[in-house]
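Undergrad: Residue strings, one per chain:
Number of protein chains: 2
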Amino acid sequence: MHIKLRSIPGAIVAPKGFSTGGIFCDIKRLGTGKGSNKGAKRDLTLIVSEVPCSVAGMFTTNQVCAAPVKVCVPRVAKGIAQAVVVNSGNANACTGRQGMKDALEMVRLAEKALGIADGLALVGSTGRIGVTMPMVEVRSGIAGAAKVLGSTPDHAAQAAEAIMTSDTRPKEIAVEFRLGGKTVRLGGICKGAGMIQPGMSANGARPAALPGGLHATMLSFITTDAAIEARGLQAALREAVAHSFNRITVDGDMSTNDTVLVLANGLAGNDKKSCSGLKSKDFATFRAALQHVCLELAKKIVRDGEGVHRVVTVKVSGARSIAEADAAARAVANSALVKTSWHGGDPNWGRIIDALGYSPATIAEDRVDIGYSASGSRKVLWSLRRGQPTKASFRDLCAAVAPREFDLHIRLNLGKGEALMYAADLTEEYVDFNKGDVTDPGSLGG
Amino acid sequence: MHIKLRSIPGAIVAPKGFSTGGIFCDIKRLGTGKGSNKGAKRDLTLIVSEVPCSVAGMFTTNQVCAAPVKVCVPRVAKGIAQAVVVNSGNANACTGRQGMKDALEMVRLAEKALGIADGLALVGSTGRIGVTMPMVEVRSGIAGAAKVLGSTPDHAAQAAEAIMTSDTRPKEIAVEFRLGGKTVRLGGICKGAGMIQPGMSANGARPAALPGGLHATMLSFITTDAAIEARGLQAALREAVAHSFNRITVDGDMSTNDTVLVLANGLAGNDKKSCSGLKSKDFATFRAALQHVCLELAKKIVRDGEGVHRVVTVKVSGARSIAEADAAARAVANSALVKTSWHGGDPNWGRIIDALGYSPATIAEDRVDIGYSASGSRKVLWSLRRGQPTKASFRDLCAAVAPREFDLHIRLNLGKGEALMYAADLTEEYVDFNKGDVTDPGSLGG
Chain A
2 MHIKLRSIPG AIVAPKGFST GGIFCDIKRL GTGKGSNKGA KRDLTLIVSE VPCSVAGMFT
62 TNQVCAAPVK VCVPRVAKGI AQAVVVNSGN ANACTGRQGM KDALEMVRLA EKALGIADGL
122 ALVGSTGRIG VTMPMVEVRS GIAGAAKVLG STPDHAAQAA EAIMTSDTRP KEIAVEFRLG
182 GKTVRLGGIC KGAGMIQPGM SANGARPAAL PGGLHATMLS FITTDAAIEA RGLQAALREA
242 VAHSFNRITV DGDMSTNDTV LVLANGLAGN DKKSCSGLKS KDFATFRAAL QHVCLELAKK
302 IVRDGEGVHR VVTVKVSGAR SIAEADAAAR AVANSALVKT SWHGGDPNWG RIIDALGYSP
362 ATIAEDRVDI GYSASGSRKV LWSLRRGQPT KASFRDLCAA VAPREFDLHI RLNLGKGEAL
422 MYAADLTEEY VDFNKGDVTD PGSLGG
Chain B
2 MHIKLRSIPG AIVAPKGFST GGIFCDIKRL GTGKGSNKGA KRDLTLIVSE VPCSVAGMFT
62 TNQVCAAPVK VCVPRVAKGI AQAVVVNSGN ANACTGRQGM KDALEMVRLA EKALGIADGL
122 ALVGSTGRIG VTMPMVEVRS GIAGAAKVLG STPDHAAQAA EAIMTSDTRP KEIAVEFRLG
182 GKTVRLGGIC KGAGMIQPGM SANGARPAAL PGGLHATMLS FITTDAAIEA RGLQAALREA
242 VAHSFNRITV DGDMSTNDTV LVLANGLAGN DKKSCSGLKS KDFATFRAAL QHVCLELAKK
302 IVRDGEGVHR VVTVKVSGAR SIAEADAAAR AVANSALVKT SWHGGDPNWG RIIDALGYSP
362 ATIAEDRVDI GYSASGSRKV LWSLRRGQPT KASFRDLCAA VAPREFDLHI RLNLGKGEAL
422 MYAADLTEEY VDFNKGDVTD PGSLGG
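Protein chains in written order, with the working numbering: chain A, 2 to 447; chain B, 2 to 447.
No lab work stands behind these hints: they were computed from the structure.
Since we're looking at a predicted model, the values are computed, not measured.
Mixed in with the good hints, there may be bad ones.
Stated by the list, open to error - Sample of chain B residues at the chain A side, in silico, Cβ under 10 Å:
# : residue
1 : 97
2 : 293
3 : 341
As the list claims (entries may be wrong) - Chain B stretches covered by chain A per the calculated footprint, using a threshold of three residues with CB under 8 Å from any CB of chain A:
# : region
4 : 58-65
5 : 218-225
6 : 253-263
7 : 269-277
8 : 407-421
All residues carry an ideal CB built from backbone N, CA and C; glycine is no exception.
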C-alpha cells in the first residue's frame, strides 16, 4: 500500500501531546558533571503523553532477558501506558532480584515525578550487563529529567541522545499523513550499534522453531497522536517489526534488552474504531505508516552499526519456503567471510554460495543466481547464473559492490520463498572497538 | 582409554611403506619458477603406499560440495585405496562438469604416474572457489611429484607445505604405539586457516537435524601401517572426527572441500582380524591413537587460524542434552562479541551469557556458572555462579584470560549434556586478511 507521508521535525514530540527531555545523571559513574544536562552525553530520558495511550511492544526473545523487559511485558499486555523512562550506560540485565526491584522503582519514580497513574510507566535500559543500577544517580536523574520536559525538536534530540551507547549519532524520524480525514503524526527514536540481530516477539516468548539465527541491544520508542486500540496497534507493530527491526543484523548477536514500544494517545482525533479494525482502510494506512517509520529507524541502526562501512540488503528469492529464505539470508548476512569481503569491496560469490551451502536452507548449486544492484534498483548485474560465473567483468562487479550501500540478489530457483536482511560489513574498527578496554570492568552490550 | 604413544618424526611417511613429496607447479598461475620444487611454496603432493590400503574418509556436509569430494566419496566407500593427489591454490569447487572431469583426470594421472591400479587414487583440493583447475600445470605437477617421492621427514614436510593455503606453518604429527604385540605407526598432516568450522560425515550427507552451526577448508591426510579392515577404520575415524575436527571453529564458515582421509596399509603385521572387531582391545587401542592424532591436528588448525591470537576451549556441561550442549558451545564459540572480548583479554561474562540466551539450547539464567582455568586444568576461577557475579577480582579474571590458550567452563546445571568446542578469537588481522585484494580476482576459501 502506497501512502503519502510528509517528513516533519520533532521526532517523538512531533505528535500532539507528547513531551520529553534528556539529562546526564552519571549512570556510568564517571563522576563528572553529575546532574548537569550539558557537557557529558545524556544518559536518561522521560517520554510522556498528556493523556493515557494505547500501547504496543515487542521484546527480545533471548532467554536471558533484562529486568526492564520483564517489567514491560505484563504492563504492555494491559494495553495502556502513558510514559517511558529510559537510561543508557547500564542494561540492568543479569542483575537478579535487585535488578527487578530497581526496574520497578524506576517506573514508580517516573509515575510520581510525572504525576501519572500507577502502572502507566514503562522502562527501557541499555548498557553494561551484570552491574546493578546505580540507583542514587537514577533517582536524581528521573527527578531532573521531569524538570526539563518540553516539546521542541531540541527536546526530542536530547531524548535521542540519552538512549545512545556506542551509537555515533542520534537516530530520529517523524512523518505526517492523513488518516480518516485527520492529519496524524508518527515519530520515533532508536539506538543500536553492537549486539544487533533482534528477534523480538510480543511477550519475549521464542517461536517453536527458531529461525536460522535470531540474535543487539536495539531500543526504539515510537509515538503517535493517532487514535487506535491497543490490539490493532500491537498487530500493526508485530508486522512492522517483522519487516524492519527483526530483519537487521550487525554482528549476529541478539541482546538481552531489545525493545520497541509504541504509544498512541489519540489526540489527532481520528475515528478510533475505524482505525482499529484490522480490515479497515484506516488501519491499512496506519500500518503502512508505522512500517515506514520502523524500517527507516531499523536501517539507521545498521548504517550506524559499530565500525560499519557498508550496508548490504541481502535479497533471497526462490527458496522452498519463507523460513528457508530467511535462513539462507541470515547465513549470508552473518558469515564472517562474506562480511569481510564486503568490507574489502570484493565481489566474492564463492563465499556467498559457500554460506548458502551450509545454511539450513535447501539449495541446488546448479540453480543458484547471485548478482548486485544499486540500492532498490531492479537492474541487476549477475555474477553467477545457474551456478556458473557469468561474463560480467571483474571490474564491473567491483564497481557494483563499491558503494556504501548496495543490494545483493540471490535466487535459489527452487520455490517461492522470499526474505531479506539488512546487513553490515565486518571491519577492523568493529574488532578494535569490541576487544574492549580491560581497564574498564563491566560488560557493555545489553 | 589411556594408551602409551611415543612421538616420532616423519609424519605421513613415519608408517612403513608410505612415500610422498611436494612440488611447485604454479597452480595459481603466478608464472614463476614453474616445475621447480624450490623457491615458491609447493602446491601439489602425492602420497602413496607400496601396497593397497584400507581407507576411510569424512567429508564436508556443505550442500555446495567440491568435485574432489564428489570423486572421493564413492571411492572411499569401496574401502580400498593406495594413493592421494592433493593440490593447493584451487579448490575445484563450483566448477560444474569441467570440475568433475578435471578431478577424475587428476586421479587417473596419479594412478598412471604411480603405477597403481585404476580406482585406487583419491584427490583433495583447496584454494580458490569457482575457477577451473589449470590442468596444464596440474598435469606437469603430478608427473613432477611422482619423480621426487621419498620417505624421509623432509619429504613429509614437503607434503605438509604443499597443502597449505593461508596457513602460516605446516602441521604434522606421528606417533608409535604397540598394537597386538607389534609396533605400529600413525602419522598425519593437515591444513586449515580460514573458512573453518567443519561438519563432516562419511558420505557428505547432512544429519537429519543440523547442529547449531555446522560450518573451513580443512584437509587432513593420515597414514598408518596398522592392519585394520576398512569398516573398523571408518568407525574409528567417524568417532575421532566427531571429537576433533568437527569440534573446531575459527570463523564459523564451513567449507565446500573439508576432507579427512586415512590410509592403513597393514605393513606393521599386527593381526588384522583382531584389530577390526569393534569390541576388541586392539581396536580400542587403535581408536584411541587415531583420536589423539586427529585432536592434535585439529588443535593445530585452530592455533594457526587466520589472525588467531588466542585459542579457547569452550566446555559446556549440564545441558538438557548433548545436542543442546553442542548448540550452546557453538553459539559462544561463534559470537563476534565473545570472540572480540577474548582478543581483548576481557573476561566479559555478559556477552557469554547473552550468547547462551539466544542459542537454541535451553538455559535458566539463575543456574548458569561461568569460569576459567588454565588449559586442561580443573582448578576453575568462577566469574559467575548461579547467574550472579562471584567475588573473584577483575584483576584475577583478567589474568585467567590472558594466556594464549585457556579453558572456558560453562555449567548450565539443567541436565547431563556435555560438549566442547576448540575456538579462536576474532582479530583485526582476520578482517584485514579476509577483506581481500580486489586486484586479485577469484575466490579464496574452498
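Undergrad: Each hint needs a verdict: does it hold in this structure or not?
TA: Checked hints:
1. Hint status for residue 97 of chain B relative to chain A: holds, with the closest Cβ pair at about 6 Å, below 10 Å.
2. The interface hint given for residue 293 of chain B is broken, as the beta carbon of that residue sits about 28 Å from the closest beta carbon of chain A, more than 10 Å.
3. Contact between residue 341 of chain B and chain A, as hinted, is supported at the beta carbon level, the nearest pair being about 4 Å apart and thus within 10 Å.
4. Coverage of the region 58-65 of chain B by chain A holds. Counting CB-CB distances below 8 Å, 4 residues qualify, and the rule asks for three or more.
5. Counting residues of the region 218-225 of chain B whose CB lies closer than 8 Å to any CB of chain A gives 0, so the stated coverage by that chain is violated, three being the minimum.
6. Residue count for the region 253-263 of chain B with a Cβ under 8 Å from a Cβ of chain A: 5. That meets the three needed, and the coverage hint holds.
7. Coverage of the region 269-277 of chain B by chain A is violated [criterion: at least 3 residues with CB-CB distance below 8 Å; count 0].
8. For the region 407-421 of chain B, the assignment as covered by chain A is violated, since 0 residues bring a beta-carbon within under 8 Å of that chain's beta-carbons and 3 are needed.
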